[in-house]
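Here the protein sequences line up with chains D and A, keeping their order. Letter by letter, the first sequence follows residues -5 to 655 of the numbering used here. Letter by letter, the second sequence follows residues 6 to 209 of the numbering used here.
The hints are simulated quantities; they were obtained by calculation from the structure and are not laboratory data. Don't take each hint at face value.
Derived pair list, reagent style EDC-like, types lysine to aspartate or glutamate, alpha-carbon separation capped at 16 angstroms [said to hold, decoys possible]:
id: 1; chain 1: A; residue 1: 57; chain 2: A; residue 2: 112
id: 2; chain 1: D; residue 1: 129; chain 2: D; residue 2: 108
id: 3; chain 1: A; residue 1: 189; chain 2: A; residue 2: 43
id: 4; chain 1: A; residue 1: 85; chain 2: A; residue 2: 191
id: 5; chain 1: A; residue 1: 189; chain 2: A; residue 2: 138
id: 6; chain 1: A; residue 1: 196; chain 2: D; residue 2: 130
id: 7; chain 1: A; residue 1: 104; chain 2: D; residue 2: 191
id: 8; chain 1: A; residue 1: 86; chain 2: A; residue 2: 181
id: 9; chain 1: A; residue 1: 104; chain 2: D; residue 2: 131
All values derive from a computational prediction rather than experimental measurement.
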Amino acid sequence: MKYGLGLILFFLPQLVLASSQASGPHIQVSLVSEYQALVQGRQNWIGLYLQPENGWHTYWRNPGDSGEAPRIDWTLPKGVEAGQIHWPLPHAIDVAHLTNYGYEGANLLLVPVEVQVNQSLPVTLTADVSWLVCKEDCIPGWATLSLTLPVEAQPASSAWAALFEKTRQQLPASRAWPVRHELTGGTLLVSIAGQTEGNWQLFPLQADLIQHAATQSQVLTEAGLTLSMPVSPYLTGTPDQFEFLLSNGEQGYYLQSQLQQAPAEQSTSLFAYLLMALAGGLLLNIMPCVLPILCFKAMSLQRQEHRRRPALGYGIGVLVSFWLFALLVAMLKWSGQSVGWGFHLQNPLVIALLAYLFFIIGLMLLGSLPVGSGLAGMGDKLTRSGGFTGQFFTGVLAVVVASPCTAPFMAAALGIAMVSDLLTSLAIFTALGLGFALPMTLLTLVPAFNRWLPRPGPWMEHFRQWLAFPMFATCIWLLWIYQGQAGDAQQALLLLGLMALAMLCWQTRLQSRGLKAILGLAAIALVLLPLLIPAQQASSTAKAPSLASTFTLARLKQLREHKQVVLVNMTADWCISCKVNEQVAFADQQVQTALTAPGVHYLLGDWTNKNQTILEYLNRYRRSGVPLYVVYGGEQYVEVLPQLLTPQIVIDALNRAKQEI
Amino acid sequence: MKKVMSWFASILVASCFSTSLLANVAVDSPAPDFTLLDTAGNSVSLSDYQGKYVILEWTNHLCPYVQKHYGSDNMQNLQKKYTGQDVVWLSIISSAPGKQGHVSAAEADQLTRERGASPTALLFDPTGKVGREYDARTTPHMYVIDPDGVLRYAGAIDSIKSANPVDIARADNYLDQAMQALMKGEAVTTKVTVPYGCSVKYAG
């Protein structure tokens, strides 16, 4: 008993200095514990219990337009640590035209406390607490609260235990759901994958993200739930990521949103192309018209000494030739584009031409197509000269001389270059050239590599013929793409064209000139047939819904010349606002009716995989991305629509365009 | 259908908000002119002070966040410092009649005397028209307008959002920073901040 009295006396000064409760105007605050004692090595829950008077409120971690969140600054004994506040679900509290986030009525702010060091004496937790309590007017308050608890192994529940349990059950949980956001003209769109509709509201953790007082609306797209709300006037720039609480008043989740970005250019696929080009270049060396020269050269090298410089001369010669070829291709491409040719895989005509190209390459590799091999003999003489200049031109001429064998590879690289930009095609041709020059350069530098060189023989022929099959496989892939773009009937025409190509190769072997001419002409006609027809019916596409046709500059130009109303929709699978607009505006019955009206055309451009034609079109409207909606009335009238659409916006714009014609 | 309607409604609301809140006041754009009555009943317009720096201070003497800056003499010191350099300081009360902070002209003059405040003028905005036009949200909410009438700063008085006067010394004073930069002929680095304090007690 004496001992007990002593303890009370010992703690008395602290109890006088700070109690576990305090009251301010319109509020009572207290520091409470779930159990009557703390447990060492386990998470203990301590709470700041705020009890504002009826009609008054306190705040959440982000107070919204005004107000201030309660703050707890701990003073703790050594070995005792307190964590962050676990905030209960807040509510939006409207004050005039502003909105706050907080709690109307009593709320318990939970704080995890850990006791690490073995404590035999009771532990005193001291908290400097500040709060703001508001009705319309606000009153701040401060207090130093303290709570002294013994450390026990099996403590009994306190009177607050039930409240702790209930509060914990309603705490929001962190979720790693994929969330993406987009900022479109002052509106923040947040797309939450897998979430369905409900009374969801977004509570941002930062004060300067959204207009707290504005209504948040939701739209369900195939990607999930999309919330939209106006951004805060205090937001500068576009945040790459932000955290928020998604709550329906009963359940809440902490989520993190990442800025939705167009998928980055696939550098891996470019890298793969470069590796393939390098391998292709290496393969060129064992072609029937190259390998014998290479072996002859290797033997001559063993007899004479070469310095480093001439050795590099060969490689440089090869590279320069390949670069010149790449530049030539690029110039061809530019001149083609200037007359309205789009070299991209979205164009069925380009796919058809590529199918022909790869089929011919296959036939050449199989040996079905006669190609002059007389040139190959010249190489022998040329490779004998020495010195840098000699070596350089040896390299250049090796490329030219070997062309009967290298043509198929060059054609394949040309095919890729036609659909890529200049830098990519230069890189591909460089890799091809490096591969081609590598064995000879290595041989010149280190003649000992000669041992590893395969011996020429009939296997070279077989290997070359085998290479025809990857070409045919590529051709099949192109035919499959073509079918998706142009349809079954059109694909059958293209297959006929391929057959005609084979016939063209075969008819050269005939004796009768008359028969040759007839067959040749018939075959050429069949080959041209699928190339000429799609120009008239390039409208069907696998991607677009039935009422839209694929966007091409030529089609747009043609429709405008014919005084038609055209709506151009530039979209992409990864664009949140595009999906929202498709759901809200384009799926609307009235809009669909308006788009199918006579004289109205709906062109859809798909920017999902990016292409040069659409990029140029976007740039024309000073955009570098989607969505972009443009309405044309003949050649005179152009109207760019906002990035967030309603059915009325679309219908009105179409009507205005009609009147302008 | 209901969802779709609410979607349209929110887009409309969003566009209204973005025009009314964002378009009227934007930093580095001309500040909208206004005319209000001072405590002597004279009309005071922003355009009267063309060619001078003008600081706008939204205030409410009963707001704890305003009391933080007046009780510590922080606000009065800033007023003295800048009105002494020919800067115009306009304190504006947008509290509606019957709401916290609404005072008569006599009470306002008395408050100014008692607190040792020295604004160029104290203006009444009982309808909240000017406050809403400037999107003044809290008391205090500070604005800096340059001699060309261009808004150069809008936001909090300083960087620590609290009602505790102890925090004043530790905080970065955004108003002071903006004024110092401008008077040196430099650009303001922190141009817009989220204001903190009590909500402005508007009518309605």
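These are the hints, each one checked on the structure:
1. A/57 <-> A/112: violated, 29 angstroms
2. D/129 <-> D/108: Violated: residue 129 of chain D and residue 108 of chain D sit about 36 angstroms apart, past 16 angstroms.
3. A/189 <-> A/43: violated, 31 angstroms
4. A/85 <-> A/191: Status violated; Cα separation ~22 angstroms.
5. A/189 <-> A/138: The given pair, whose Cα atoms are some 29 angstroms apart, is violated under the 16 angstroms limit.
6. A/196 <-> D/130: This hinted pair is violated, its Cα atoms lying about 29 angstroms apart.
7. A/104 <-> D/191: violated, 40 angstroms
8. A/86 <-> A/181: holds, 10 angstroms
9. A/104 <-> D/131: Holds, because 9 angstroms separates the two Cα atoms, which is no more than 16 angstroms.
Of the hints listed earlier, those the structure fails to meet are numbers 1, 2, 3, 4, 5, 6 and 7, in rising order.
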